[in-house]
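Given these sequences and hints, build the entire structure.
Those sequence lines, one after another, are chains A and B. Read in this note's numbering, the first sequence has 272 at position 92, and its numbers run on one by one without any break. Read in this note's numbering, the second sequence has 39 at position 29, and its numbers run on one by one without any break.
Hints may contain errors.
Which chain B residues face chain A? A few, computed with CB under 7 angstroms, are given here [said to hold, decoys possible]: (1) Q53; (2) D55; (3) L63; (4) A77; (5) A96.
By construction, these hints were calculated from the structure, which means they are not laboratory data. By construction, the Cβ of each residue, glycine as well, lies at the ideal position given by its N, Cα and C atoms.
Read off the chains here:
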Amino acid sequence: MMPTDLSEIFLVAAAVFVVLAIVMFYRAVAGPTTQDRLLAVNVLGTNTVVILALLSVALEQPWYLDIALIYALLNFLMAIAISKFTVERGGVL
Amino acid sequence: MIETIRFWAIVGLVGAGVFFTLVSAVGVIRLPDVYTRAHTASQTDTLGAGFTLAAVALALGWQHATAYTVLLLFFVFVTNPTAAHAIARSASDVGIDPWTADDAREDTRDDTGGDSR
Numbered sequence: 181m182m183p184t185d186l187s188e189i190f191l192v193a194a195a196v197f198v199v200l201a202i203v204m205f206y207r208a209v210a211g212p213t214t215q216d217r218l219l220a221v222n223v224l225g226t227n228t229v230v231i232l233a234l235l236s237v238a239l240e241q242p243w244y245l246d247i248a249l250i251y252a253l254l255n256f257l258m259a260i261a262i263s264k265f266t267v268e269r270g271g272v273l
Numbered sequence: 011m012i013e014t015i016r017f018w019a020i021v022g023l024v025g026a027g028v029f030f031t032l033v034s035a036v037g038v039i040r041l042p043d044v045y046t047r048a049h050t051a052s053q054t055d056t057l058g059a060g061f062t063l064a065a066v067a068l069a070l071g072w073q074h075a076t077a078y079t080v081l082l083l084f085f086v087f088v089t090n091p092t093a094a095h096a097i098a099r100s101a102s103d104v105g106i107d108p109w110t111a112d113d114a115r116e117d118t119r120d121d122t123g124g125d126s127r
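What follows is the structure in structure tokens.
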């Protein structure tokens, strides 16, 4: 009885996190500066990591956690790299 | 008995994580400046992700996957404020002016003007 209750709770929490991540797209699209967009994408990446962890425990697929760990690493690297490039070269491209 | 305590602890941790992530989303959408948005993103989003990952670790119990989850929690706690600091610093280096109390006064004046119209 208890594991099904727990997995339903985790699935509902993952759905709420997906809705909050979609709401966060507004700032990524309409942000006035590049830093606003970068910050929104960083928060979106953190939400994605949490969603992957919740789905991992709800669907009993432990290897989702490996993907979440790699996603967190790449998200951090992306934030640092783009914030450096916007200062030194005036843009990403 | 101990299973009931663990169940409600997991529910409470997930609820706290969802609440703090909701606060973070409202802050990133509504706050007026990139610096204030970096502030709410670094604080409340880190706390929400930490609570939710702690709930996942508590639900998994003693397995190999729990080590991954605790590692992920530690990593998010270290890197998320660092990334927000780097973003705010790059905004400062590019030359974005911070939002001040004078802007707030103009904003409220504009808002009341818009409401009275």
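Cross-check of the supplied hints:
no.	hint	in the structure
1	Q53	violated (12 angstroms)
2	D55	holds (5 angstroms)
3	L63	holds (6 angstroms)
4	A77	violated (9 angstroms)
5	A96	holds (5 angstroms)
Taken one by one, the earlier hints fail for this structure at numbers 1 and 4, listed in ascending order.
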